[in-house]
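Engineer: One-letter residues, chain by chain:
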Amino acid sequence: MASRTASKDIITLKGSAAIVSEFFGYAANSILYNRGVYPEESFGKVKKYGLPMLLTQDKAVKTFLTNLTSQLSEWLEGGKLQRIVLVIMSKATGEVLERWNFNIITDGEVVEKGAVKEKSDKEIMREIQAIMRQVNSCISFLPCLDEPCIFDVLAYTDSDTTVPFTWMESDAKLIENPQMVKLHSFDTKIHKVDTLVSYKVDDLDEQ
Amino acid sequence: LRAAFSCSRSISSGKNRAAVQRPPLQEAGSRPYMPSLSTRNPSAKCYGDRFIPDRSAMDMDVAHYLLTEGKKDKENAAASPSKEAYRRLLAEKLLNNRTRILAFRNKPPEPENVFAADTVSSHQAKPAKQRRYIPQSAERTLDAPDLVDDYYLNLMDWGSSNVLSIALGDTMYLWDASSGSTSELVTVEEDNGPITSVSWAPDGRHLAIGLNSSDIQLWDTSSSRLLRTLKGVHESRVGSLAWNNNILTTGGMDGRIVNNDVRIRDHAVQTYQGHSQEVCGLKWSGSGQQLASGGNDNLLHIWDVSMASSMPSAGRNQWLHRLEDHTAAVKALAWCPFQSNLLATGGGGSDRCIKFWNTHTGACLNSVDTGSQVCSLLWNKNERELLSSHGFTQNQLTLWKYPSMVKMAELTGHTSRVLFMAQSPDGCTVASASADETLRFWNVFGTPEVAKPAPKASHSGMFNSSFAHIR
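Taken in order, these protein sequences are the chains called W and B. Each residue of the first sequence is one higher than the last, beginning at 1 in the working numbering. Each residue of the second sequence is one higher than the last, beginning at 1 in the working numbering.
Okay, chain B solo, but in the shape it has when bound (with noise of 0.2 Å):
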C-alpha cells in the first residue's frame, strides 16, 4: 500500500523489521546517544602471580658448573680466552632454552649534550613529541539498518579506491567516501544470502562477496558486473576472505581454508586444513609470505608460503605455527606495518586479550586484558599505535600506544558491539559498523595534512594522494 518502496533497497523477508523503512548509509539524525557513565581505568598490568619455582626445572648440575667454573678462573688469571669465550658460550647454550633475554623497551638516553636529531639510532631517547589531538567523538554517522549482528563475519571493507564496501542483510552497498554518495552494487537471492563476508582486492575495483550459501562472488565494481561465481568451495558460509595479489583466499564455517587463483579455471589451488570450526578471522601478512587464520574453536594459526606440500594429490599444507593461547574465537587480526613478523590477535567473549606474536619464531611477546571482546584490530600506518574495537559494556574503540600499550584514547558513541573496522586508504580515518546499525566515523589516526609515513613503512598498493578525504 505503500508507496515507500521507490528506493533501491530490499528487505530480506526473514527478518521482523519495524515498520519504517530507514534508507541506508544515510546521515544518522537524532539518534539516541548513551554517553558512556562509567570511567573505566583498568590497569593494564601484565605482572603475573608470583612465581613458585620448580625444582625438576632447576638445573642443578649447571648451577654447580657456573659456580666452580668461577674458582678455576681465580686462580688462573689469564686464561686463555678462546677457553673463556667456549666456556660461557657453551653456559649460554646450556641455558638458553629455558632462559629469556628481555631487554628494557626505553632505552637509556644517549651521553653528551650534542643530540643528533637526525640520526636515527634505535638507542637514542626520542625527544617528547607534541600528543595529537584525538578527537573523542565520531566526525560522521550513518544509518547502516539490517547489519547482521553476528560477531564471525566479516561484513566490512574500505577499499584502495577510497570506496567502502559494507553488506546490510542480502544486499551490498558501496559508499564513495570521495563523494559521499552511496550506491547498491548487488542484491543476492534470499536462498543465497545473507553475505556473510567482503574484500576488495589491492586494485581498489575488483570485490569478493561471500555469501551464507558457501557461493563466493567476484565482481568488478568499475562495471557493475558480476565476473565469476566460485562454487563447491566450502561446504557451508564463507565468512572471511583475504586477497594476496591474485590469489583469493576464503574461509568457511567448515574450518577449510583455501587459497583460489580468480584468474584460473581450476580455482582451488591450495587447502590449509587445520580448523576444527568457523574461520572468522583471515589476514595476510604485508609481503604475502604468511597468512594468519583465526577460528571459532580458539586457535591461531600460521600459515607460510614457502611450507607448500610437494605432495601433488591432496593440495594440503601444514601449518607454520598453531597458537593456542587464546581462550575464546580469535577474529582480531592485524599484521604490524612498521615491524615485520609482528601480528597482533584478540579474542572473544571469554578471553578479551590482545596477544602479540613472533610469526617467525611462534613466540608470544605481549597480551594485555582488555576487559571487553575483541571485535577487531587495526594498526596506525603512522605511529606506533593499535586500535581495537570491543562489545560489552563500553562499546569502545581503543587506541593503545605500541609497545607500551598504554591507552591513548577511548572512542564512545556505539551502542552496540563494535563489529567491524576499516581504515581508509589515507591512513588517517577509520569506519566502525556496530550491531547498533550505525556506520561511525572516526579522525582518529590523524588528520590528513600532517600524515606522514613511519620510518619502516612500505608503500605499496595505489594509494593516490589526490583522494579528496571526507568532510
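Chain W with its partners taken away, still in its complex shape (with noise of 0.2 Å):
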C-alpha cells in the first residue's frame, strides 16, 4: 500500500490510556450485544470508530461499565495494567464458556520518562474499527451461547498494585481446552492491545 503522508498526531499516556479504556468500553458493549448476554433491545445505536456502535441502556450495566473503564483509564496511566479480560459464563452453572482475552503492552519508556509519541490519530481508529469488525464478525463460528449467560471482568496488574477498595483478588476463570482464536491487534504506540478470544470447544462441533 502506498504510504500516503498522514498528518501524525501527538499521542500522550493519558491520552493513550482514554483511548484504550475507551476502546474497551465499546469493545465490552460489543462482546454483550453479539453473544445475547444482554437483551437487544436494551442496546442503543451510536456512532464510533466510523461504524454503528451498541452501547447498553440498561443503567446497572453502565455504571458497572464506567466505573471500569474508569479504573483502567487510571491503570493504564500508571503503566500496571497487563491484560483485561471479559468473561461470558452460565448464569446456571457459572462455567466460563467464553473469554475475551485483551493483552496490553505498555511501553515503559512513556511511563517512566513522560515522553510522547506521535502517530495518526485515524489510523488508531482504522485499527479498532477493523477489530470491531471482527469481534461483530465472530458470530460466525463462535459456539451458540444458548443458555442465559452473566459476565464479568478481570484486570490482570503488576503484583504490587494496591487494590482499590472496591477491586477484590479473583482466579483466573480459565477454561479447560479450549479454542483460541486471534484478533487484529491496535497500537497506539504507547498502549499495544491484542484481541483474542477463547471459547469452550462444543463437543459435537470438534474437529
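Mixed in with the good hints, there may be bad ones.
Only pairs whose alpha carbons sit at most 27 Å apart, straight line, appear in this in silico DSS-like list of lysine-lysine [to be verified]:
hint	chain 1	residue 1	chain 2	residue 2
1	W	47	W	8
2	W	91	W	200
3	W	8	W	173
4	W	47	W	62
5	W	45	B	107
6	W	62	W	173
7	B	107	W	91
8	W	48	W	113
9	W	62	W	192
10	W	173	W	192
11	W	59	W	45
12	W	192	W	8
13	W	14	W	48
14	W	122	W	192
15	W	8	W	189
16	W	62	W	45
17	W	59	B	107
18	W	59	B	401
19	B	107	W	200
20	W	189	W	48
21	W	91	W	62
22	W	189	W	119
23	W	62	B	407
24	W	14	W	113
25	B	231	W	59
26	B	283	W	62
27	W	173	B	107
28	W	48	W	117
29	W	14	W	122
30	W	62	B	107
These are calculated hints, taken from the structure and not from any lab test.
Make the complex out of the two chains shown on their own, each in a separate frame, by following the hints.
Structural biologist: As C-alpha cells, then:
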C-alpha cells in the first residue's frame, strides 16, 4: 500500500490510556450485544470509530462499565495494567464459556519518562474499527450461547499494585481445553492491545 | 474516718485517687459529654502513587513471546486446540508470580427482567436494602473507675452466658447483662495485680484472668471459686488470652505465646516463639485451626495447629505467616465470621490502618488508613460490617461496610481512647470501655428482633435466644 503522508498526531500517556479504556468500553458493549448476554432491546446505537456501535441503556450495566473503564484508565496511565479479560459464564452453573482477552503491552519508557509519541489518530481509529468488525463477525464461528449468561471483567495488574477497595483478588476463570482465535490488534505507540477470544469447544463441533 | 467503705470495692493504694469514691458499673449521672466538634471526612482512598515501572522486573522475553505468538496464530488459523491451551497456560504460569488478577467487587447485574430473588448467586446484584437505623449515641453508660489506661491490656470480655467481665485495677467485676446487676468476683492481692487480661471460656462459665505478676487464674463464676492458678508460664505480665475449647492460649510481655491445656497437670503443651515484644493481641479463628497474634514489635503472626512440631523436646512451633506490614503495635484482631481465612487487623498510633488478610496465603487484601490509633475490631455477625474503636482525636467507634470499607457510622461519646470492645452473645450490642473510665453500650449491630444470621455464619456455642437483651 502506497504510503500517504498522513499527518501524525501527538499521543500522550493520558490520551493513550483514554483511547484504550474507551476502546474496551465499546468492545465490551459489542461483545455483550453480539453474544446475547443482555437482550437486544436494551442496547442503543451510536456512531463511533466510523461504525454504528451498540451501547447498553441498562443503567446498572452502564455504571459497572463506567466505573470499570475509569479504573482501567488510571491503571493504564500508571503502566500497571497487563491485560483485561471479559469472561462470559453460564448463569446457571457459573461455568466459563468464553474469554475475551485483551493483552496490553505498555511502552515503559513513556510511563517512566513521560515521553510522547506520534501516530495518526485516524490510523488508530482504523485499527480499532478493524477489531470491532471482527468482533461482530465472530458470531459466525463462536458456539451458540443458548442459555442465560452473565459476564465479569478481570484485570491483570502488576503484583505490587495497590488494590482499590472496590476490587478484590480473583482466580483466572480459565476455560479447560479452549479453542482460541486471535483477532487484530491496535497500537497507539504507547499501548499495544492484542485481542484474543477463547471459547469452550462444543463437543459436537469438534474437528 | 469515713464510713463509705461499705461498698465492696478496693482501691489499689498505689494510685492517687480523688477523695470521692464512685461505685463501679453504676449508671453514669451527669458526666461531662463533649460532642465532637470537627466533622472528619477523610477520603479512604487506597490508590497508591503512580507506578514507576521497574525495568528489571519487566520480562522482555515473555513480552516478546506473547507478541510473536500472536503472529504465528494468524498463519495457522486452525491450530490444534491443545497446543493453544498449552501455550496460554504456559504464559499464565510465567506471568503468575508477578501478576495479580483482580475483579470488580460489585458484579454486573444479571440479564433479563427475571430477578430470581430466592436463588443466591454470587454474581447477582443485591437489590438495595433498607439501611437500618444506627443510634448515634450510647444506649447506656456505666462508670468504670480505675480502668487501667494501658493500650496493651485486654480488660473486658462478654461471655456466652451474657455476663460482661471487666477488670478495674485489681478487681474483677461481673455485670449480668440480663439483670443489670454487678458483682465482684475477686480482688487480687496488690503484689499480683493489677489484672492485665480477662477471657471467658466458650462455656460462658469459666473465666481466665491474667495478672501483672505473670500468674493466670482460672475461675468458676457460677460458684465463685478459684479452680487453679497457672504459674511460671510467663516471665512477666500476661496481657492477652484466647480460648480454643480446653486450650487456654496466653500471651505475655515476654513475647511468648503458650497453649495451656487446663484439664491436665502439665498444662503448658506448646510454646509459640516469634514475638520479641509484648503480645497484645491474641485471637483464635472460628474453626480453631489458626491463631492470630499481634505484638508490640509490629508483627502479626499466624500460627496453624496442623504445623505442630514433631520434635518432642522443645515444643516450639514455627509460624505459618509472619506479616510485617503494620508500622505500629498490632493489638486489634478480628476473624471474619462469614468468610473463613479472612482476618482483620488494626495498627497502633503510628500505623492507624486496618488491614485485611487471607490467612491461607498470607496476602494482604486491603489496607485502609483510618486516621487514628486502632484499639479494637469487631465483626458484625449478622451483616457484612466491621466495627473499629479508636483513640486520638475523636475517640470514636467507626462502623464500616465490608468489603467496600465505606463508613456507615461514627459513634462518638467517649472522651478518651476506646481501649476495649466486646460483643453481646446475641450479636446486637457492643460494649466499649475507655480510658475516660466509662463503659458504654451501643446498639450498633441491629436490634435483637430483626437480627438474622448472615449466609455463612455458623452457630457455635450456646447462643441462647432466651437471654433477655439489656434494656
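Engineer: What are the numbers of the hints that this structure violates, sorted from low to high?
Structural biologist: Numbers 3, 8, 25, 26, in rising order.
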